[in-house]
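Peer 1: For the record, the sequence lines run as chains A and B. Note that our numbering has the first sequence beginning at 1, numbered continuously upward. Note that our numbering has the second sequence beginning at 1, numbered continuously upward.
No lab work stands behind these hints: they were computed from the structure. Among the hints, erroneous ones may be present.
[As the list claims (entries may be wrong)] Each pair of labels, with its calculated beta carbon distance range:
(1) A:Val163 to B:Ala230: 57 to 67 Å
(2) B:Arg24 to A:Arg200: 27 to 37 Å
(3) A:Asp144 to B:Val134: 35 to 45 Å
(4) A:Ala227 to B:Thr43: 45 to 55 Å
(5) B:Phe58 to A:Ala227: 26 to 36 Å
(6) B:Asn37 to A:Ala227: 39 to 49 Å
Every residue, glycine too, gets a C-beta built ideally from N, C-alpha and C.
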Amino acid sequence: MIDANAYIGEWPFRRLNHATPDALLRKMDALGIEKAVVSRLENVLYKDVMVGNRELHQIVQEHPDRFVPAYTINSAMPCWELDFKRCIEEFGMRNLRIHPNYHQFTLLEPHTTRVMDASLEAYAQYHMLTGNALALMACAKTHDLVVLLTLVLEDSRWHHWHVKVPPVTTTDAVEAICTFPDVRFLVCTGRYTHIADIWRRAYKNDNLYFDVSRVQGPVDDIEQLCAQVGADHLLLGTNCPIFYPESAKLSIEHAEITDRERELMLSGNAKRLFAL
Amino acid sequence: MIIDVHSHVKNDHEITVSLRKARRLGVILCINVLNSNNNYPPTLPTPDYVTACNDLTFKVASANTDCVIPMWYVNPYHPQDMESELRSRVAAWDGHQGAKLWTGVKANDSRLEGIYHILAEHKLPVLQHTYMAVTGNMPGETNPFEMREAGLRHPDVPFFFGHSGSDMEYGAKAAQGVPNLFMDIGGGDATNGYTETLVEHAGAERVVYGSDLNAPRSFMSQLAKVYGAAITEEEKELILWRNAHGIFSCQDVAWSQFDRNQEAAGQ
Chain A
1 MIDANAYIGE WPFRRLNHAT PDALLRKMDA LGIEKAVVSR LENVLYKDVM
51 VGNRELHQIV QEHPDRFVPA YTINSAMPCW ELDFKRCIEE FGMRNLRIHP
101 NYHQFTLLEP HTTRVMDASL EAYAQYHMLT GNALALMACA KTHDLVVLLT
151 LVLEDSRWHH WHVKVPPVTT TDAVEAICTF PDVRFLVCTG RYTHIADIWR
201 RAYKNDNLYF DVSRVQGPVD DIEQLCAQVG ADHLLLGTNC PIFYPESAKL
251 SIEHAEITDR ERELMLSGNA KRLFAL
Chain B
1 MIIDVHSHVK NDHEITVSLR KARRLGVILC INVLNSNNNY PPTLPTPDYV
51 TACNDLTFKV ASANTDCVIP MWYVNPYHPQ DMESELRSRV AAWDGHQGAK
101 LWTGVKANDS RLEGIYHILA EHKLPVLQHT YMAVTGNMPG ETNPFEMREA
151 GLRHPDVPFF FGHSGSDMEY GAKAAQGVPN LFMDIGGGDA TNGYTETLVE
201 HAGAERVVYG SDLNAPRSFM SQLAKVYGAA ITEEEKELIL WRNAHGIFSC
251 QDVAWSQFDR NQEAAGQ
């Protein structure tokens, strides 16, 4: 099995199980998860994401057979393109994690698409004036990255009193997906209704994938998504350590689907998407 | 055996799939219908609407006595009608049963006094929906503070503390020292540490498995809160069925009707 959506790190609002690399590895071993695509959890709230990215690179180097890194870039920060460049050149980035809600950028500014075919330097100059994320997506396209677009980390109704962060809307996600149909998007933490909505509205969806970490109902959620979206676009993702990883794993294992569909979701699609 | 104290159905498809999966997993479903028209259930339903919901609950429970315990829905905004509704439902059912309170009025509202009297008289547990949303609760939605007050004022009524308040830290702390509050783990994302927090503050003997099935949850996402929790196997067994079994056993009704379900699931 391959977990397409996990994190390593601490969360400021409560103590988490499986937050450290060793603890996550023990949990993966217990559940039969061979590899996990991981990002640094602290980068959700750090302003300088390179602190977390450096730590992630170090961790992954120690466990290259178990962890697949997805580095975080915040395109709302000045000179984000230098962070991007370092992740490409120093860390060999192949997977990009974005948190538009926590990092305060939007995927809904279509006028910026006029620069999407310009040079990297042109994106940078343009973006320092606009703070626009679509330039980041264009860079992802140029470098053929898999983009992990996280809609939420946890239910926004349970957020801290002074840290209330609305989810990324399905409209934002659809805009990015349709503007960059050549970019491979893994939309993370969508509920059943979110996934069905994005899939229905994203008319260019060959490169669109979803993790099922937050597909937690109704009673036949996985079966219905396999029928609507297709098992070849759905991946096991756990959102661990924010969620119990057993949720996604058991949901797939107990779904009334074919063995072939189950195999695709548990590992086949991830192997193909992440070239593992 | 697994006893799910918190499950919903609202149409034929959900009934068929939910019961098929429950039988396969060996789950006894405590079912309540809040809505039989596929829309979001009204927060302040009329007595006729509540009766229609209970008619469907009765129909599902009657046809599936091997794996369903009915939880009769009442909206105490109309106290006389609802006391009559509850008394007639209880009298007409000869197996295990309970009640369900959603919104309408809050758990500590005086309009519930008559309902609580009936619950205590018949030893019926009541699943009380609770929530604590930082984005704001619905009108008439009980929060953990109000749940605690109701529990303290009615020690002879066993409460399933619906969703454990949703925000686990609020719910777990509100239940401390109130022995008739049983923390329902159903609903909400499978948030890591949820069950451990409830066990730490309320104790494993006061945590019960619920799924909030179809509203909009699934079995496995909510069972993961038990299977994935860093607690002992004995504590997991308490949560999955022993605690709820003990509460319903106060009704002095045989459990043999569920044997067929358990045998089919290999348990």
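Peer 1: Could you run down the list of hints and mark each one as holding or not?
Peer 2: Taking the hints in turn, this is what the structure says about them:
Checked against the hint of 57 to 67 Å, the pair A:Val163 and B:Ala230 fails, with Cβ atoms roughly 26 Å apart. Remark: the range hint 27 to 37 Å for B:Arg24 to A:Arg200 is upheld by a beta-carbon distance near 31 Å. Distance hint check for A:Asp144 and B:Val134: the Cβ-Cβ separation is about 40 Å, which falls inside the suggested range of 35 to 45 Å. Between A:Ala227 and B:Thr43 the Cβ separation comes to about 32 Å, which falls outside the hinted range of 45 to 55 Å.
Take B:Phe58 and A:Ala227: their Cβ atoms lie about 32 Å apart, and the range 26 to 36 Å holds. For B:Asn37 and A:Ala227, the Cβ-Cβ distance of about 24 Å falls outside the hinted range of 39 to 49 Å, so the restraint is violated.
This entry does not satisfy hints 1, 4, 6, going by the numbered hints stated previously.
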